[in-house]
Amino acid sequence: MADEQEIMCKLESIKEIRNKTLQMEKIKARLKAEFEALESEERHLKEYKQEMDLLLQEKMAHVEELRLIHADINVMENTIKQSENDLNKLLESTRRLHDEYKPLKEHVDALRMTLGLQRLPDLCEEEEKLSLERACHVTSKFIGTHPYALCVKPRVGPGTPKSQNGSRMNEERESTWSSADHKPPIPRP
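FYI, the UniProt record's numbering numbers position 82 of the sequence shown as 82, with every residue one higher than the one before it.
Fair warning: there could be bad hints in the mix.
Stated by the list, open to error - Have a look at the derived ranges for each label pair, beta carbon to beta carbon:
hint : residue 1 : residue 2 : range
1    : Leu-111   : Val-75    : 52 to 62 angstroms
2    : Leu-111   : Asp-72    : 54 to 64 angstroms
3    : Lys-105   : Asn-78    : 34 to 44 angstroms
For the record, the hints were derived by calculation from the structure and aren't laboratory data. All values derive from a computational prediction rather than experimental measurement. C-beta atoms are modelled at their ideal positions from N, C-alpha and C, and glycine is treated no differently.
Could you build the full structure based on these sequences and the hints that come with them?
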């Protein structure tokens, strides 16, 4: 009887061992799956962090690029302001020279007329067509609109047909020089 009881106890123990072993195997399988998931998630996290680092580097590169663009814009704005100030000074200087030239030319023309000589051509009749014209406005958001600007018009090209009436300017000059007993000046190239 005692042997039977002992056998029954052993069978109960074996049954418990079997149940616990099955439970252990299930937990072990779950642990293995969890470890695999953990390793996978760690790999993903590492990749995410690397991607974040790359994005931050790219962001900083763009920030630096924007900073450089802003610096270039500031330099260009200062350059434009300086250029406009220089243009203003040149326009003022040109206007003053024009104002000096005009009465002087009128005086010289009056003296020439008293000697029977032709008047000198006006600025707008010169070869390079230099004149202060109101039509040439220089507009700027910084300094407004200039009423006068120096306009340089190009010379007539070699292929341009001559007027049927011809040009009498050379004849007038030759007659002027011959009447004053002077040789005509050598024409500029």
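Each hint tested on the structure:
no. : hint                                    : in the structure
1   : Leu-111 with Val-75: 52 to 62 angstroms : holds, 53 angstroms
2   : Leu-111 with Asp-72: 54 to 64 angstroms : holds, 57 angstroms
3   : Lys-105 with Asn-78: 34 to 44 angstroms : holds, 40 angstroms
Figure legend: structure checked against the earlier numbered hints; every hint is met.
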